[in-house]
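Student: First residue of the sequence shown? That's 13 in our numbering, and the numbers climb one at a time after it.
A few of these clues could be false.
Stated by the list, open to error - Using 25 Å as the maximum straight-line C-alpha spacing, the simulated DMTMM-like pairs for lysine to aspartate or glutamate come out as follows: (1) K93 <-> D119; (2) K155 <-> E199; (3) K57 <-> E86.
Please keep in mind that the hints were generated in silico from the structure rather than gathered at the bench.
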Amino acid sequence: MTNNIYKQKRYFGMALDPIHIGTGGYRLGRVDNAIVREPGSNIPKIPGTSIEGVARTYSYYKEIESIGECKPKEKICAVGKKMKIKGEEKEPCGNCPVCITYGYTTDEKSLHGMAQFSDARILFFPVHSMIGPVWVTTAEILKEIVTKDDKNKITNASVENTIKIGDKIHTNNSQKLNLGWLYLKTEKGGDIKNINVDIGDNETKKLNEVINEEILKRYVIVSGELFQQIVNSNLEVRTSVAIDPTTGAAEEGALYTYEAIPRATVFWFSVTANNPKNFDVPDNWKSKSPDDVINKVNAGLELFEFLGVGGMGTRGFGRLRILNLNENGGDRNE
13 MTNNIYKQKR
23 YFGMALDPIH
33 IGTGGYRLGR
43 VDNAIVREPG
53 SNIPKIPGTS
63 IEGVARTYSY
73 YKEIESIGEC
83 KPKEKICAVG
93 KKMKIKGEEK
103 EPCGNCPVCI
113 TYGYTTDEKS
123 LHGMAQFSDA
133 RILFFPVHSM
143 IGPVWVTTAE
153 ILKEIVTKDD
163 KNKITNASVE
173 NTIKIGDKIH
183 TNNSQKLNLG
193 WLYLKTEKGG
203 DIKNINVDIG
213 DNETKKLNEV
223 INEEILKRYV
233 IVSGELFQQI
243 VNSNLEVRTS
253 VAIDPTTGAA
263 EEGALYTYEA
273 IPRATVFWFS
283 VTANNPKNFD
293 VPDNWKSKSP
303 DDVINKVNAG
313 LELFEFLGVG
323 GMGTRGFGRL
333 RILNLNENGG
343 DRNE
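Please work from the sequences and hints to get the whole structure.
Tutor: Encoded structure:
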């Protein structure tokens with residue numbers, strides 16, 4: 013049993029489909045249904061609330077199919093609060109792995125979850141160019157994930173309005189590259205695949221151990237100002253229309269547009285696992301550690317690749333592959 017107060021694990025994920033986390037309702041602008049953005053930078057993100065809520069549901073699915081002796085006693089454990097189901101008031105059990113890991117509220121007691129989720133932020137963003145797809149990031153974003161000793165290896169281009177490109181990107185001696193509609197001067201940025209990444213809990217990995225090496229060969233580093241423009245100019249925008257079931261034709265006035273973060277975007281986020289022994293938990297959880305909490309979270313995150321996160325999951329949206337699930341030293345199905 014560990015006496016650590018908490019354990020933090022950093023996760024990396026890649027979108028297998030476009031991802032739409034809507035703001036709710038309609039608004040004036042380029043699209044009808046906009047996605048959630050950081051207020052300060054205007055860069056899209058996946059809120060931690062979305063990750064936590066979906067992970068909770070998927071962890072519940074994994075628990076009810078397991079052979080463990082502490083299965084959730086009520087379906088309401090997947091929600092975490094009292095609700096009326098078929099006219100009968102139901103409360104979460106407050107004892108199963110889902111309730112303890114993600115928290116619950118009953119008439120008699122509330123417990124916040126042992127797992128705390130951060131927002132998933134964009135690490136590498138795919139953009140089309142004249143040489144094929146490239147993945148755009150900034151020096152500031154990369155410095156947030158690399159170890160302290162390797163931060164000085166990440167720099168911006170030496171000349172203003174110039175971008176740094178990976179050694180494997182060849183611009184046919186033009187020394188310029190287009191990123192969507194932008195056409196910019198380039199300079200070589202060197203190899204970043206062997207830079208050390210902070211995974212959490214004093215653990216490090218090489219960048220190519222957590223992110224596909226083909227992406228790292230085609231990276232582009234731009235300034236923070238350009239990054240916001242590039243991302244918002246290259247989001248996926250779709251147009252849909254409602255179909256009148258009586259005629260089979262498009263329903264008049266039912267045309268709408270919505271945006272999404274494109275396929276192959278790479279994200280990063282963190283989960284902080286509290287030590288259950290420091291909280292008022294059932295006796296069977298007093299001997300558990302932060303690693304046990306991480307294992308339960310991993311069980312839910314595993315299903316993101318198949319069941320997705322966000323809206324319009326039945327229309328080709330939402331799947332997110334978590335790239336480093338098995339690096340916490342434990343069995344995620346434990």
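Student: It remains to establish, for every hint, whether it holds in the given structure.
Tutor: Cross-check of the supplied hints:
no.	hint	result
1	K93 <-> D119	holds, 9 Å
2	K155 <-> E199	holds, 19 Å
3	K57 <-> E86	violated, 32 Å
When held up to the earlier numbered hints, the structure conflicts with hint 3 and nothing else.
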